[in-house]
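So you can see what is in the structure, the chains are spelled out below.
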Amino acid sequence: MSAITRDEVAHLARLSRLALDEGELDHFAAQLDQIVGAVARVAEVAAGDIPPSSHAVPLTNVFRPDEVRPCLTPEQALSGAPAVEDDRFRVPRILGEEA
Amino acid sequence: MAETVTLMPYDEALERFEPVLGLETHVELGTASKMFCGCPTTFGAPPNTHVCPICLALPGSLPVANVKAIESTIRIGLALNCSIAEWCRFARKNYFYPDMPKNYQISQYDEPLCTDGYLDVQVEGKTVRVEIERVHLEEDTGKSTHVGGATGRIQGADYSIVDYNRAGIPLVEIVTKPVEGTDRLAPEVAKAYVTELRELLRSLGVSDVRMEEGSLRCDVNVSLMPRGSSTWGTRTETKNVNSLRSVERSVRGEIERQAAILADGGRIIQETRHFHEDTGATTSGRSKEEAQDYRYFPEPDLVPIAPDPAWVATLKAELPELPSVRRARIQAEWGVSDLDMAAMHNADAIELVEATVAAGAPAADARKWWMGELARRANEAGTALADLPITPGDVAKVTELVASGALNDKLARQVLEGVLAGEGAPEAVVEKRGLRIVNDEGELSAIIDQVLAGNADAADKVRSGKIAAVGALVGGVMKASRGKADAGRARELILEKLGVEG
Numbered sequence: 001m002s003a004i005t006r007d008e009v010a011h012l013a014r015l016s017r018l019a020l021d022e023g024e025l026d027h028f029a030a031q032l033d034q035i036v037g038a039v040a041r042v043a044e045v046a047a048g049d050i051p052p053s054s055h056a057v058p059l060t061n062v063f064r065p066d067e068v069r070p071c072l073t074p075e076q077a078l079s080g081a082p083a084v085e086d087d088r089f090r091v092p093r094i095l096g097e098e099a
Numbered sequence: 001m002a003e004t005v006t007l008m009p010y011d012e013a014l015e016r017f018e019p020v021l022g023l024e025t026h027v028e029l030g031t032a033s034k035m036f037c038g039c040p041t042t043f044g045a046p047p048n049t050h051v052c053p054i055c056l057a058l059p060g061s062l063p064v065a066n067v068k069a070i071e072s073t074i075r076i077g078l079a080l081n082c083s084i085a086e087w088c089r090f091a092r093k094n095y096f097y098p099d100m101p102k103n104y105q106i107s108q109y110d111e112p113l114c115t116d117g118y119l120d121v122q123v124e125g126k127t128v129r130v131e132i133e134r135v136h137l138e139e140d141t142g143k144s145t146h147v148g149g150a151t152g153r154i155q156g157a158d159y160s161i162v163d164y165n166r167a168g169i170p171l172v173e174i175v176t177k178p179v180e181g182t183d184r185l186a187p188e189v190a191k192a193y194v195t196e197l198r199e200l201l202r203s204l205g206v207s208d209v210r211m212e213e214g215s216l217r218c219d220v221n222v223s224l225m226p227r228g229s230s231t232w233g234t235r236t237e238t239k240n241v242n243s244l245r246s247v248e249r250s251v252r253g254e255i256e257r258q259a260a261i262l263a264d265g266g267r268i269i270q271e272t273r274h275f276h277e278d279t280g281a282t283t284s285g286r287s288k289e290e291a292q293d294y295r296y297f298p299e300p301d302l303v304p305i306a307p308d309p310a311w312v313a314t315l316k317a318e319l320p321e322l323p324s325v326r327r328a329r330i331q332a333e334w335g336v337s338d339l340d341m342a343a344m345h346n347a348d349a350i351e352l353v354e355a356t357v358a359a360g361a362p363a364a365d366a367r368k369w370w371m372g373e374l375a376r377r378a379n380e381a382g383t384a385l386a387d388l389p390i391t392p393g394d395v396a397k398v399t400e401l402v403a404s405g406a407l408n409d410k411l412a413r414q415v416l417e418g419v420l421a422g423e424g425a426p427e428a429v430v431e432k433r434g435l436r437i438v439n440d441e442g443e444l445s446a447i448i449d450q451v452l453a454g455n456a457d458a459a460d461k462v463r464s465g466k467i468a469a470v471g472a473l474v475g476g477v478m479k480a481s482r483g484k485a486d487a488g489r490a491r492e493l494i495l496e497k498l499g500v501e502g
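Chains A and B, in that order, give the protein sequences. Quick note on numbering: the UniProt record's numbering labels position 54 of the first sequence as 54, and the sequence is numbered without any gaps. Quick note on numbering: the UniProt record's numbering labels position 241 of the second sequence as 241, and the sequence is numbered without any gaps.
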């Protein structure tokens with residue numbers, strides 16, 4: 001049984017706003033299935049006495065004081081933007097036809 | 001796109017259905033810097049001037065949590081009687097709107113900082129306990145402006161422009177458990193909850209809680225079930241509810257809308273609806289993405305939070321007196337009725353009266369002026385009581401002048417008028433307008449003689465024992481002195497002159 005279905009890949013592609021054609025869906029579904037399968041092997045190694053972890057370092061409570069630091073200028077902030085309008089980042093239409 | 005909305009009259013809707021409420025409130029914390037970077041949080045700055053590599057998600061940048069925001073969230077949780085997590089994590093909420101440059105928002109998912117609390121609110125003399133499901137910490141999003149299209153809304157726009165000043169400001173989300181059994185008071189309970197929560201947050205000093213500037217925002221969930229049923233109906237979530245009055249209106253409106261659909265055999269669609277302040281109506285928004293579509297997972301860039309129990313205990317011990325406790329104490333101290341207390345609460349007068357008492361006025365006098373003459377003037381001017389150009393110190397001074405006999409109530413009202421008109425402090429107004437009461441016995445005596453001479457009939461009646469007639473004579477003295485005589489002393493002197501025992 002595959003770890004990820006073609007339908008799930010199509011769903012993820014839609015959420016990610018990636019336009020994948022039929023051929024690409026087949027192609028990536030197979031690749032992702034292999035990747036998910038490879039990662040799943042970790043679960044086989046982890047015995048019941050190993051708690052699931054999300055962080056590689058045994059640290060907690062890394063905080064910073066509530067202090068203001070210098071910002072970028074708008075020119076610096078917007079320098080890498082593909083499109084700018086009124087000192088704001090200009091982005092393509094957010095809701096497509098499906099909305 | 002146009003949607004026909006049929007409403008069922010509220011009373012009929014309530015006869016047939018029972019509402020269940022849920023409220024999600026977002027509060028922007030009043031920290032100096034953002035949640036995960038050092039950019040300032042002040043409102044109204046020019047676009048993209050409060051941004052840095054972290055809140056713009058430039059490659060290689062890493063977030064670090066603001067300790068003050070964590071502390072504020074724990075304090076909110078404690079004030080809401082929540083349990084504080086001993087260990088919890090941030091989570092990534094993935095989505096693809098450009099209001100967050102990272103393509104995800106750092107939030108909390110299944111491990112909120114605070115859980116299982118409550119807030120008691122008063123509605124029509126009844127205490128309603130609203131249970132709190134969770135309080136968690138996340139970051140606010142940037143502000144999008146939609147360009148093109150007729151309505152300025154996201155639907156139909158050609159493109160959008162984004163300002164990330166707000167992106168990354170610490171945002172606390174407070175979620176209630178479903179509130180059942182409110183019956184026809186559901187709209188009032190919703191409003192009372194947000195009002196009480198706002199006061200609580202203000203007393204904690206964690207946010208400026210300005211609904212009009214968006215630092216306090218409310219999403220209102222409503223569902224209906226037929227009377228006698230115990231299965232909840234499908235709920236809708238109304239967003240964009242930006243005033244206390246709108247909270248009440250949106251609940252009422254949604255009950256009327258859903259009731260009409262259900263009564264007609266229709267089904268409620270689980271969706272987000274947008275509230276329109278101008279009409280009080282809601283319109284359909286996007287249907288809600290499934291929670292799993294956000295693909296939450298533990299935020300790898302931030303290590304877990306494990307609040308030290310000793311720290312939490314200190315924060316709990318240092319909580320300020322909470323608004324409901326404070327109101328109960330003040331009510332007992334001032335000896336006022338529930339009704340008068342509620343009236344002061346609704347007029348936002350409690351703090352003003354309290355400050356006036358602190359400035360030396362007796363509570364009854366302070367309350368009388370704020371809730372009487374000054375409330376009337378605020379109402380006429382269409383402003384909030386607190387925005388009148390008069391200080392609690394001024395009001396305390398006026399009560400002092402009345403108590404010392406230098407002013408009577410009528411003159412005091414003229415003094416208040418003068419202060420409000422910008423003529424200066426109470427004493428200055430008294431001097432400028434010549435409002436000091438006539439308590440020179442010689443002057444008062446001369447006025448009384450004059451009045452007695454001019455009202456021989458009334459004077460005779462009093463002499464013959466009809467004491468009640470003295471009122472007309474006192475009135476004459478007040479008129480002759482243009483309100484500046486001490487009415488009590490005038491009465492004594494009149495009776496004395498006419499040889500009658502008062």
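No lab work stands behind these hints: they were computed from the structure. Fair warning: there could be bad hints in the mix.
Unchecked claim - Here are some chain B residues pointing at chain A (derived, C-beta under 7 Å):
(1) PRO40
(2) THR42
(3) PRO47
(4) VAL51
(5) LEU62
(6) PHE96
(7) ALA150
(8) TYR159
(9) ASP163
(10) ASP293
(11) TYR296
(12) ALA306
(13) PRO309
(14) VAL312
(15) LEU315
Heads up, the beta-carbon is just placed ideally off N, CA and C, and yes, glycines get one too.
| said: Given ALA306 of chain B as an interface hint, is its Cβ closer than 7 Å to any Cβ of chain A? | reply: holds (4 Å)
| message | Quick check on TYR296 of chain B please, does its C-beta sit within 7 Å of some C-beta on chain A? | response | At about 12 Å, which exceeds the 7 Å cut-off, the nearest Cβ of chain A leaves the hint on TYR296 of chain B violated.
| field | Residue hint THR42 of chain B, partner chain A, criterion CB-CB below 7 Å | value | violated (9 Å)
| said: Tell me if the interface restraint on ALA150 of chain B is satisfied: Cβ within less than 7 Å of some Cβ in chain A. | reply: violated (14 Å)
| task | Go through the hint on VAL312 of chain B and say holds or violated, using the shortest Cβ distance to chain A against 7 Å. | result | violated (13 Å)
| query | Can we keep the PRO40 of chain B interface hint, with Cβ of chain A closer than 7 Å? | reply | holds (5 Å)
| query | Per the CB criterion, is TYR159 of chain B less than 7 Å away from chain A? | reply | Holds, about 6 Å.
| chain A contact restraint for LEU315 of chain B - C-beta distance below 7 Å | LEU315 of chain B check fails; min Cβ-Cβ to chain A is 15 Å, beyond 7 Å.
| request: Have a go at the PRO309 of chain B hint: is there a Cβ in chain A nearer than 7 Å to its own Cβ? | output: Status violated, d = 13 Å.
| task | Please verify that hint: VAL51 of chain B, Cβ, nearest Cβ of chain A, below 7 Å or not. | result | holds (5 Å)
| field | Minimum beta-carbon distance criterion (7 Å), LEU62 of chain B to chain A | value | With a minimum Cβ separation of about 10 Å from chain A (threshold 7 Å), the hint on LEU62 of chain B is violated.
| field | Interface hint outcome for ASP293 of chain B [beta carbon to chain A under 7 Å] | value | holds (6 Å)
Going through the hint list in order, the structure does not satisfy hints 2, 5, 7, 11, 13, 14 and 15.
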